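Chemist: These protein sequence lines map, in sequence, to chains X and A. Counted the way numbering that gives the first Met the number 0 counts, the first sequence spans residues 0 to 357. Counted the way numbering that gives the first Met the number 0 counts, the second sequence spans residues 0 to 356.
Just so you know, these hints were derived from the structure itself, not from any lab. On a predicted model such as this, the values are computed, not experimentally measured, just so you know. Be aware that one or more of the hints could be misleading.
Simulated DEER-style distance windows between Cβ atoms [what the hints assert, rightly or not]:
1) X:I16 - A:S252: 39 to 49 Å
2) X:N58 - A:I143: 45 to 55 Å
3) X:E120 - A:S252: 13 to 23 Å
4) A:L175 - X:K339: 37 to 47 Å
5) X:P55 - A:L148: 32 to 42 Å
6) X:N350 - A:N173: 55 to 65 Å
7) X:I66 - A:N173: 45 to 55 Å
8) A:I143 - X:T336: 50 to 60 Å
Cβ atoms here follow ideal geometry from the backbone N, Cα and C, with glycine treated the same way.
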Amino acid sequence: MKLFNKNVIYTFAILLITILPLTGCWDNKDINHRLLPVVLGVSKIENEYEVIINLPVSNAGKIESRIVSFKDKTIAKAIDTISRNLESRVDLLHVKLIIIERGAAEDGVKDIIGGFMRSREVSPKALVAISDEDINVLFSKLKDTIGLVGSTTVDFFEKNAGWDPDIALTRVWEVYRGIHSYTYDVAIPLIRSGDEFPMEQIGSAIVKNGKMVDQISPDETLLYNIFKGESSSGEIEVMEKATVRIVNNSIHHKGSFHNNQPFLKSKIKLKVVILETRGEPSLNEIKKELNQALSERFNIMILKTKENKADIFGIGQFFRRELTRKELKNWRTKYYTNLKMDIQFNVDIQNQGYLITS
Amino acid sequence: MVRSLHVVILYLLTHLGLIFFMFPSNIIASTQQGHWLPILIGIFVHVLFLHIYMKGLNYFPGENLISIFSGIGKGAVILLLVPVLLYFFIITLITVRAYSEIITLVFLSFTPLWAVTLLLLIVSTYVAKNGMETVLRTGLMLAIIFLPLFLFVFILSFQNVDWRYFNPVTPDLNFLTSRSYYESFFVFSGGFLFLGFVQPYFSYERKYIIFSALLLIPFFIFSVYIPILTLGQATASVTFLPFVVIADSINVSWLMFDRVTLFFLLSLISFMILYISLVMCKTILIINRYVPSIKPVHLLYILSSLLFFLCFLIPDWKDVEKLFWWNTLLRFYVFIAVPLSIYFWGVRKRKGKHETI
Chain X
0 MKLFNKNVIY TFAILLITIL PLTGCWDNKD INHRLLPVVL GVSKIENEYE
50 VIINLPVSNA GKIESRIVSF KDKTIAKAID TISRNLESRV DLLHVKLIII
100 ERGAAEDGVK DIIGGFMRSR EVSPKALVAI SDEDINVLFS KLKDTIGLVG
150 STTVDFFEKN AGWDPDIALT RVWEVYRGIH SYTYDVAIPL IRSGDEFPME
200 QIGSAIVKNG KMVDQISPDE TLLYNIFKGE SSSGEIEVME KATVRIVNNS
250 IHHKGSFHNN QPFLKSKIKL KVVILETRGE PSLNEIKKEL NQALSERFNI
300 MILKTKENKA DIFGIGQFFR RELTRKELKN WRTKYYTNLK MDIQFNVDIQ
350 NQGYLITS
Chain A
0 MVRSLHVVIL YLLTHLGLIF FMFPSNIIAS TQQGHWLPIL IGIFVHVLFL
50 HIYMKGLNYF PGENLISIFS GIGKGAVILL LVPVLLYFFI ITLITVRAYS
100 EIITLVFLSF TPLWAVTLLL LIVSTYVAKN GMETVLRTGL MLAIIFLPLF
150 LFVFILSFQN VDWRYFNPVT PDLNFLTSRS YYESFFVFSG GFLFLGFVQP
200 YFSYERKYII FSALLLIPFF IFSVYIPILT LGQATASVTF LPFVVIADSI
250 NVSWLMFDRV TLFFLLSLIS FMILYISLVM CKTILIINRY VPSIKPVHLL
300 YILSSLLFFL CFLIPDWKDV EKLFWWNTLL RFYVFIAVPL SIYFWGVRKR
350 KGKHETI
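The shape of chain X in the complex, shown without the other chains (with noise of 0.2 Å):
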């Protein structure tokens, strides 16, 4: 075969050429013009969205950490504008937090979360936090505290660095799935900045069809985590007679319905390891004092997700089998307010630690 014959020569030019069309140079911005915020923040102020960021500018070879806001019509438009008035384009492809303010997630967040999912630049796995203060007082703080409200805030809720089973963790995916969904509503971690800690966690929003409606505390979210199958090991509870470590955490449920009225079994099985105790408690108390507790809070939560008529459990989804999807729509509304609920907490004590209880 001869190498270099016409043919050869003629495909093998036009496959350069085509390596110029790769470049995309006709718009093509180079890394260091791009300014890739890791978290956002939205407020909403009278029919118009505060978008806040904060970016990392460079100034005279140091880089500083600067807050920058804009507020308009939509988040789109506003991002747009900072983005014009900055000497860089602003990317969001690397937006890995979506922080709300309290206000907008009460006045519904359908539009902003439904732009996110549409527009395919924010990735619909970016977390989504509410903050239960002023926006731009939490991000000057944590900007303060933190140095660059960025992949350290992000941190927070990351599982393999400061994620605690107490917090809920909530993805922009699942926020939309909740606006839509006949059975599933979602807990948003409710966050706001600390004297003493850049950032507190002060409990979950529970958000119903896309509208905050009420919160939890921590320690209830710790149920909900529980509750969804989230793995809560490495927990502390702190009790009357004993502080106890969950190290284990499985649960079943089944579903069923008694004369039309749904009937929820749900059967929680903890490992616990003991830290410390008061006096002198038997084990059996203090499994006593554990299941006690647990189901009390579980209850409680239970009657108030009930209330708001928001199903942050996804308790629907137990009996998908039974309803039709007629019957499924009214969910929430008729169904899920007659819930009755029988919730067993099984303790096992798995080891006592260096001392013995008897």
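For chain X, the structure is supplied; the task is to place chain A on it using the hints.
Modeler: This is chain A only, laid out in the frame that chain X set:
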């Protein structure tokens, strides 16, 4: 040359490329619950006609569709081969246009459409230029490079599945009246006609093709069910490319890449390039038979530049859908008439032989 592996791989890749984009949203739009029934009906029809088609082709060893039809007579050419040609042309146009739109939608949002279209066309023209054999060999290469990546993301996409969304499981028959259900048949009818064109170059054993059709069943089912099991019917039905949304929400902390969607999409796009070049190749084969005066390579250049310009006559997605719908009738005609007629003529031919003996 018996090369079942190449044919099987080409069959698998082209179908995988077709399945994961519009098919899930079409099926999700066609019915509210029990999506398994419409999918299984589609698969059944697909395997049935695939079987008939291959059985028919079996009566004509070493011949391809073109020589069979022209052997039958002028009527067969006009009634069958001309619609097939038209069908091939329209699906190439739709595929190029739709997939370049999907590419710009998902990851090249700032790149002009013409650049994406051009790249898609240049690569597939180049593959098609070297003929059917090259297409088959390229398939093997793409499978080695991209199939593992694709399978990796496919398995990962089970991450957020909530199996209880499978209920309510009882299907209703509304999908039979739904337009999007009939549109969804492009995955069942789009890919298998090529089996009638590989004959002189490659031959294959029928059982392997049927076996690989069965291998595709989980992909047909889960391409629809993963979005439903993750988001629920109510949410999945408002997404445009449900599976891409799911791939986007995969969270893998140990992977150094943030978004696995890119790997998934690029693998599938490479399969689609293969598909486009395959259909182009078939189109050229047909035209060349009746217009032998023009060199096939020149025909190919004319065809791809024509496609490139026609792509600009389709300004938005609504028009793509309209074209898609118009093509559905033609698709069903080709899908049903070609296998049946091949089978029919095959049986007749054999009978004729017996009589002369």
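Chemist: So, against the hints stated earlier in the document, which numbers end up violated here?
Modeler: Failing hints: none at all.
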